[in-house]
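Student: The residues making up each chain are set out below.
There are 2 protein chains.
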Amino acid sequence: MEKTLKQLAQEAGVSIATVSKVVNGRDEHISEATRKRIRELVESSGYRPNAIAKGLKEKKTNTIGFVLPDISNPFFPEIARGIEDEAKKYGFAVVFCNTDNDVVREESCISFLRSKMVDGLIFTQTTRESVFSKELIGNIPVVVVDRGIDTNSKNIGKIYVNCMGAIYDATCRLIKQGCEKIAFISANLGKERDYRYEGYEKALKQYKRTVDSAMIFKNDYNEETGYQGIQKICRICRIDGLVCGNDLIATGAIQALSEGGWKIPEDIKIVGLDDVMFAKYLSPPLTTIAQPAYEMGKEAAKMLIRHITNGEPLYSKELPYEMRVRSSG
Amino acid sequence: MEKTLKQLAQEAGVSIATVSKVVNGRDEHISEATRKRIRELVESSGYRPNAIAKGLKEKKTNTIGFVLPDISNPFFPEIARGIEDEAKKYGFAVVFCNTDNDVVREESCISFLRSKMVDGLIFTQTTRESVFSKELIGNIPVVVVDRGIDTNSKNIGKIYVNCMGAIYDATCRLIKQGCEKIAFISANLGKERDYRYEGYEKALKQYKRTVDSAMIFKNDYNEETGYQGIQKICRICRIDGLVCGNDLIATGAIQALSEGGWKIPEDIKIVGLDDVMFAKYLSPPLTTIAQPAYEMGKEAAKMLIRHITNGEPLYSKELPYEMRVRSSG
Numbered sequence: 001m002e003k004t005l006k007q008l009a010q011e012a013g014v015s016i017a018t019v020s021k022v023v024n025g026r027d028e029h030i031s032e033a034t035r036k037r038i039r040e041l042v043e044s045s046g047y048r049p050n051a052i053a054k055g056l057k058e059k060k061t062n063t064i065g066f067v068l069p070d071i072s073n074p075f076f077p078e079i080a081r082g083i084e085d086e087a088k089k090y091g092f093a094v095v096f097c098n099t100d101n102d103v104v105r106e107e108s109c110i111s112f113l114r115s116k117m118v119d120g121l122i123f124t125q126t127t128r129e130s131v132f133s134k135e136l137i138g139n140i141p142v143v144v145v146d147r148g149i150d151t152n153s154k155n156i157g158k159i160y161v162n163c164m165g166a167i168y169d170a171t172c173r174l175i176k177q178g179c180e181k182i183a184f185i186s187a188n189l190g191k192e193r194d195y196r197y198e199g200y201e202k203a204l205k206q207y208k209r210t211v212d213s214a215m216i217f218k219n220d221y222n223e224e225t226g227y228q229g230i231q232k233i234c235r236i237c238r239i240d241g242l243v244c245g246n247d248l249i250a251t252g253a254i255q256a257l258s259e260g261g262w263k264i265p266e267d268i269k270i271v272g273l274d275d276v277m278f279a280k281y282l283s284p285p286l287t288t289i290a291q292p293a294y295e296m297g298k299e300a301a302k303m304l305i306r307h308i309t310n311g312e313p314l315y316s317k318e319l320p321y322e323m324r325v326r327s328s329g
Numbered sequence: 001m002e003k004t005l006k007q008l009a010q011e012a013g014v015s016i017a018t019v020s021k022v023v024n025g026r027d028e029h030i031s032e033a034t035r036k037r038i039r040e041l042v043e044s045s046g047y048r049p050n051a052i053a054k055g056l057k058e059k060k061t062n063t064i065g066f067v068l069p070d071i072s073n074p075f076f077p078e079i080a081r082g083i084e085d086e087a088k089k090y091g092f093a094v095v096f097c098n099t100d101n102d103v104v105r106e107e108s109c110i111s112f113l114r115s116k117m118v119d120g121l122i123f124t125q126t127t128r129e130s131v132f133s134k135e136l137i138g139n140i141p142v143v144v145v146d147r148g149i150d151t152n153s154k155n156i157g158k159i160y161v162n163c164m165g166a167i168y169d170a171t172c173r174l175i176k177q178g179c180e181k182i183a184f185i186s187a188n189l190g191k192e193r194d195y196r197y198e199g200y201e202k203a204l205k206q207y208k209r210t211v212d213s214a215m216i217f218k219n220d221y222n223e224e225t226g227y228q229g230i231q232k233i234c235r236i237c238r239i240d241g242l243v244c245g246n247d248l249i250a251t252g253a254i255q256a257l258s259e260g261g262w263k264i265p266e267d268i269k270i271v272g273l274d275d276v277m278f279a280k281y282l283s284p285p286l287t288t289i290a291q292p293a294y295e296m297g298k299e300a301a302k303m304l305i306r307h308i309t310n311g312e313p314l315y316s317k318e319l320p321y322e323m324r325v326r327s328s329g
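The listed protein sequences correspond, in order, to chains A and B. Under UniProt numbering, the first residue of the first sequence carries the number 1, and numbering increases by one thereafter. Under UniProt numbering, the first residue of the second sequence carries the number 1, and numbering increases by one thereafter.
There may be inaccurate statements among the hints.
No copy is singled out in the list; a pair is fine if it fits within one copy or between any two copies.
[Stated by the list, open to error] Mimicking PhoX-like on lysine-lysine, the simulated pairs with C-alpha atoms at most 25 Å apart in a straight line are:
no. : residue 1 : residue 2
1   : 36        : 191
2   : 134       : 6
3   : 60        : 181
4   : 232       : 134
5   : 202       : 302
6   : 317       : 280
7   : 36        : 134
8   : 176       : 317
9   : 205       : 232
10  : 158       : 205
11  : 36        : 89
12  : 191       : 208
13  : 6         : 158
14  : 134       : 280
What the hints contain is simulated information worked out from the structure, not anything from laboratory work.
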């Protein structure tokens with residue numbers, strides 16, 4: 001028969017709490033010698049921390065799901081890292097699931113994570129209200145990160161950055177630097193409210209500029225969109241400024257402009273959004289609005305786990321953005 | 001009382017397998033109408049796919065752990081994506097845990113994931129044999145990805161790229177382009193065998209060059225190491241070629257060289273390793289050896305899950321690398 005934690009603690013001459021910490025991997029503050037001794041004892045005794053049986057009893061798995069478009073898009077790993085670092089403090093594990101912003105995959109992810117009995121979900125950038133429907137989500141608490149749309153559903157917390165303000169600031173910066181014809185390239189959000197576009201439009205209107213649809217291109221949050229957008233816009237218009245919905249778009253736009261022989265920032269000034277890790281290594285280094293991705297992940301995990309474990313209420317929290325001025329605009 | 005899958009299938013007029021697929025999120029090939037109908041029925045019935053109880057019965061959680069240094073290092077998200085895409089096909093979830101290559105955090109991750117009853121583990125780039133010890137790992141099957149060191153442990157599969165060959169090819173390329181003084185900047189692996197360094201040394205010796213320790217700098221696989229390495233080496237030596245242990249190092253080196261007024265590739269030619277997504281956007285675009293990170297993740301997950309579910313043997317598999325010639329060298 002397997003030994004109990006109590007028996008193991010007696011044999012090791014330590015407290016039950018210490019044995020528990022070691023078997024549950026929350027042992028960073030326990031000395032290496034003690035850790036090693038307890039591990040050997042646990043191993044030889046055949047003791048297994050049975051999370052499954054524990055979960056069945058408590059109806060909890062101490063696991064949260066992280067639903068995101070694509071972990072290989074450089075904005076999301078920072079959020080993921082923040083979530084995991086915070087979750088670990090509370091002894092929670094994080095399961096991730098990529099959706100590619102595809103409706104069917106998104107619904108499958110949710111069903112899949114529910115079948116794994118996650119205690120809560122963190123979403124990034126889903127573009128639909130419908131995923132929060134009762135039949136899909138059930139009663140699982142949800143925190144959304146980096147998601148612009150409004151929702152009236154209860155049981156949903158929010159961590160976000162004011163993207164309208166960020167893009168408004170980016171556009172104003174270009175106007176103040178003397179740009180006359182400022183283009184906008186971003187993702188096509190369909191029926192969803194597009195806060196980034198609204199920020200661009202607000203700045204233009206405030207400075208009495210006309211909004212020209214020939215200088216606007218929307219597709220996805222990726223490099224191809226930036227590349228195609230520049231090709232399309234520059235065929236028709238002579239622009240001298242460009243506001244991008246994220247840094248990947250800016251990256252593709254810079255590529256297309258460089259190939260076309262344009263000089264940045266002399267001919268065209270560019271501002272991005274996110275400050276992904278390589279933004280400073282682009283040529284020229286990208287002026288962009290930094291979102292605190294790591295902090296967003298941490299805050300989301302903290303809110304969700306405190307709700308799960310202590311019943312603390314979910315809430316909305318805005319985190320600040322910050323302009324990083326480099327050479328592109 | 002909750003309804004059974006069978007009752008639900010009868011009510012929905014579909015097979016039990018179809019209901020099962022929907023509740024377990026493996027429903028991408030089922031029509032939207034059917035999916036919606038089943039979800040509504042399942043929700044109104046109060047049925048819950050109880051993975052916990054199922055796991056207790058089968059002693060399986062259909063979950064694998066992914067232990068990695070840092071998801072925000074751009075090489076790893078591609079591996080993570082490959083793992084998750086493949087795992088999802090088999091109905092397996094992926095829990096990830098970042099170690100920062102820190103020994104204590106690494107051991108904590110393993111204990112933590114074991115406490116979550118993962119059915120198997122995928123490791124990337126751990127630098128120690130000791131993590132595969134019996135008392136730490138127990139009988140959990142392991143697949144290592146992108147890890148150079150040899151191990152004699154059973155129950156360990158391997159997916160790897162021949163990094164010695166890759167760095168050998170990179171060095172030979174610079175020699176053939178006329179570089180006389182080729183430096184090497186990489187991570188310091190301590191007591192572990194350094195295949196990358198061996199590839200560099202092998203190429204120099206084959207072409208009768210002397211290996212000069214003043215042209216070698218080792219610290220971490222990050223940009224700072226590249227930056228510091230260049231500062232240190234260029235204070236003493238006049239180099240005309242540089243081989244980097246990964247693309248982050250090359251990124252930092254390019255930064256330091258540009259600030260120092262060196263021209264790439266005219267003054268110094270540079271080759272990296274990995275082909276991270278932004279390598280082509282560096283200035284100049286980086287010549288590098290591509291590792292198939294996504295495929296490595298997929299292959300590792302496939303091997304591990306087939307071992308867990310069908311008892312298929314673990315094995316070692318080498319995946320091919322590929323030189324991506326751009327402007328830096």
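Student: Look at each hint and say if it fits the structure.
Tutor: Consistency of the hints with the structure:
1. 36 x 191: between (57 Å within a copy, 21 Å between copies)
2. 134 x 6: Intra 43 Å, inter 23 Å, cutoff 25 Å: inter-copy only.
3. 60 x 181: Neither: 56 Å inside a copy, 60 Å across copies.
4. 232 x 134: neither (42 Å within a copy, 60 Å between copies)
5. 202 x 302: neither (34 Å within a copy, 50 Å between copies)
6. 317 x 280: neither (28 Å within a copy, 37 Å between copies)
7. 36 x 134: between (47 Å within a copy, 12 Å between copies)
8. 176 x 317: neither (31 Å within a copy, 57 Å between copies)
9. 205 x 232: within (24 Å within a copy, 53 Å between copies)
10. 158 x 205: neither (30 Å within a copy, 59 Å between copies)
11. 36 x 89: The answer is within: 21 Å in one copy meets 25 Å, while 38 Å across copies does not.
12. 191 x 208: neither (27 Å within a copy, 66 Å between copies)
13. 6 x 158: neither (41 Å within a copy, 39 Å between copies)
14. 134 x 280: neither (43 Å within a copy, 45 Å between copies)
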